[in-house]
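J.: Under the working numbering, think of the first position of the sequence shown as 78, with each following residue one higher.
Simulated from the structure, these hints should not be mistaken for lab results. Hints may contain errors.
[As the list claims (entries may be wrong)] Derived pair list, reagent style DMTMM-like, types lysine to aspartate or glutamate, alpha-carbon separation capped at 25 Å:
#1 Lys150 <-> Glu109
#2 Lys150 <-> Glu179
#3 Lys150 <-> Asp121
#4 Lys150 <-> Asp210
#5 Lys150 <-> Asp235
#6 Lys150 <-> Asp172
#7 Lys150 <-> Asp125
#8 Lys150 <-> Glu105
#9 Lys150 <-> Asp186
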Amino acid sequence: MAAEQVDGVPRTEVPGGAARPRRRLSTEERREQLLSVGSRLFADSPYDDVWIERVAGIAGVSRGLLYHYFPTKRDFFAAVVERESARMLRLTAADPGVPVREQITAGLDVFLGYVQTHAHGFRAFHRAEAAGDPVVRAAYRAGLAAQERQITAALAADPGIARITPDPAVLRIAVRGWLAFMVAVCLDWLDEPGLSREQVRDLCARALLGAVEP
78 MAAEQVDGVP RTEVPGGAAR PRRRLSTEER REQLLSVGSR LFADSPYDDV
128 WIERVAGIAG VSRGLLYHYF PTKRDFFAAV VERESARMLR LTAADPGVPV
178 REQITAGLDV FLGYVQTHAH GFRAFHRAEA AGDPVVRAAY RAGLAAQERQ
228 ITAALAADPG IARITPDPAV LRIAVRGWLA FMVAVCLDWL DEPGLSREQV
278 RDLCARALLG AVEP
């Protein structure tokens with residue numbers, strides 16, 4: 078039997094165990110709750126090892142309700158990936174008129190804050206490449222491509238960068254390589270957080286500028 082929920086938390090987990098009237102979650106709140114649970118599970122386990130029944134149990138809902146929101150497991154994981162991709166794009170959106178070097182530092186600082194705060198979501202997003210399901214991998218690659226386009230466009234709009242690296246193909250490949258570098262650094266940082274956020278930020282900023290400036 079699914080655990081009774083109080084504001085999205087099983088009643089038994091409410092501090093003090095005091096019974097409070099159950100609040101029915103809205104459709105959007107319930108969907109967000111399920112995706113949050115999925116982010117944690119997919120971050121810690123390979124795709125094939127995550128069972129929908131476990132997701133439903135942690136969320137305190139029936140398996141049928143979860144399937145109401147996400148018809149299949151592949152749809153569920155793809156939605157987790159798309160959610161994290163959209164969040165990363167919002168956080169790293171370019172600010173027109175601000176010099177790109179300032180944007181890189183500020184954007185990386187915000188992004189690394191997201192990586193720390195939403196470590197499960199970040200890990201889950203980057204686990205998708207290893208998933209054998211083509212729908213999940215397509216969602217992951219679409220997310221990476223969107224990040225690549227956003228960063229490339231911001232760099233290309235800066236007169237200094239455009240003058241140094243005028244070839245769009247070179248700039249695109251440089252950004253793609255830098256994204257792979259940054260992901261590896263962030264995943265390692267989460268596993269072994271020996272460096273400060275500022276140290277990781279400066280390392281990634283230097284790597285990006287070094288990739289686009291001779």
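J.: Could you run down the list of hints and mark each one as holding or not?
T.: Going through the hints against the structure:
Under the criterion of a C-alpha separation no larger than 25 Å, the hint pairing Lys150 with Glu109 is consistent with the structure, at around 16 Å. This hinted pair does not check out: Lys150 and Glu179 have alpha carbons roughly 41 Å apart, beyond 25 Å. At most 25 Å may separate the alpha-carbon atoms for a hinted pair to count; Lys150 and Asp121 meet this at roughly 16 Å. Of the supplied pair hints, the one linking Lys150 and Asp210 holds, its CA atoms being roughly 10 Å apart against a limit of 25 Å.
At roughly 42 Å between alpha-carbon atoms, Lys150 and Asp235 are farther apart than 25 Å, so this suggested pair is violated. Proposed proximity of Lys150 and Asp172 is contradicted: the alpha carbons are some 37 Å apart, above 25 Å. In summary, the hint linking Lys150 to Asp125 is supported, as the alpha carbons are separated by about 10 Å, within the 25 Å threshold. Taking the CA atoms of Lys150 and Glu105, the gap is near 19 Å; set against the 25 Å cutoff, the hint holds.
Among the hinted pairs, Lys150 with Asp186 is inconsistent with the structure: their alpha-carbon atoms are about 34 Å apart, more than 25 Å.
Hint violations for this structure: numbers 2, 5, 6, 9, all remaining hints satisfied.
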